[in-house]
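Novice: Sequences are here, hints too, so could you generate the full structure?
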Amino acid sequence: MRYYRVFSFFMMIIFAVVGCIFLFFTEGVLEFFNSIATRAGMELSPVSGANFYVILAVGYMYLVTVLSYMMVKHPDSPYFPLLLSNAKLASCVLSLSFFLLHQPYLIYIVNSIVDGSIGALALYFYLKIRDKA
Numbered sequence: 001m002r003y004y005r006v007f008s009f010f011m012m013i014i015f016a017v018v019g020c021i022f023l024f025f026t027e028g029v030l031e032f033f034n035s036i037a038t039r040a041g042m043e044l045s046p047v048s049g050a051n052f053y054v055i056l057a058v059g060y061m062y063l064v065t066v067l068s069y070m071m072v073k074h075p076d077s078p079y080f081p082l083l084l085s086n087a088k089l090a091s092c093v094l095s096l097s098f099f100l101l102h103q104p105y106l107i108y109i110v111n112s113i114v115d116g117s118i119g120a121l122a123l124y125f126y127l128k129i130r131d132k133a
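Just so we're aligned: 62 in this note's numbering is position 62 of the sequence shown, and the numbers increase by one with no gaps anywhere.
No wet-lab data here; the hints were simulated from the structure.
Only a predicted model underlies this, so the values are computations on that prediction, with no experimental measurement involved.
The C-beta atom is built at its ideal place from N, Cα and C for all residues, glycine as well.
Some hints could be false.
[As the list claims (entries may be wrong)] Listed next, with one range per pair, are the computed distances between beta-carbon atoms:
(1) A133 / I36: 45 to 55 Å
(2) V72 / T26: 29 to 39 Å
(3) F9 / L121: 24 to 34 Å
(4) E31 / K73: 37 to 47 Å
(5) V54 / P104: 20 to 30 Å
Specialist: Right, dumping it as structure tokens:
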């Protein structure tokens, strides 16, 4: 446990930086790995990135499923609804931003509304559980 906080701090920085890279350099990430794949004689992935980003989306859905499961198993713990609210509210803000700044796609605004509602409800439960403790 001696290095737990150091490890956690570095993971926090790395995840935030990689998230920004995925957001601002979506195709660049895949082009970078394709340049390596070319030299390694491997097949190139499509630069549109649908398959790679599906992997990340499914990983996110797995994580929010686990958080919801932990809320069922540990209903007195405020940490799980806090984490779920952060995940869902971040998705809400990103979806709304893409709706306003990229294209007004229906999927963006629907996801913003749905995830915003889930995030707000999870935040409500977090506050209730925290105040009870």
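Novice: Within 29 to 39 Å: is that where the Cβ-Cβ distance between V72 and T26 falls?
Specialist: Since V72 and T26 have Cβ atoms about 35 Å apart, the given range 29 to 39 Å holds.
Novice: For A133 and I36, compare the CB-CB distance with the range 45 to 55 Å and indicate the outcome.
Specialist: Since the Cβ atoms of A133 and I36 sit about 49 Å apart, the hinted range of 45 to 55 Å holds.
Novice: How does the Cβ-Cβ distance of F9 and L121 compare with 24 to 34 Å: does it lie in that range?
Specialist: holds (31 Å)
Novice: With 20 to 30 Å as the target window, see if V54 and P104 comply at their CB atoms.
Specialist: At 23 Å between Cβs, range holds.
Novice: Determine whether the Cβ-Cβ distance between E31 and K73 falls within the hinted range of 37 to 47 Å.
Specialist: holds (43 Å)
Consistency note: the structure conflicts with none of the earlier hints.
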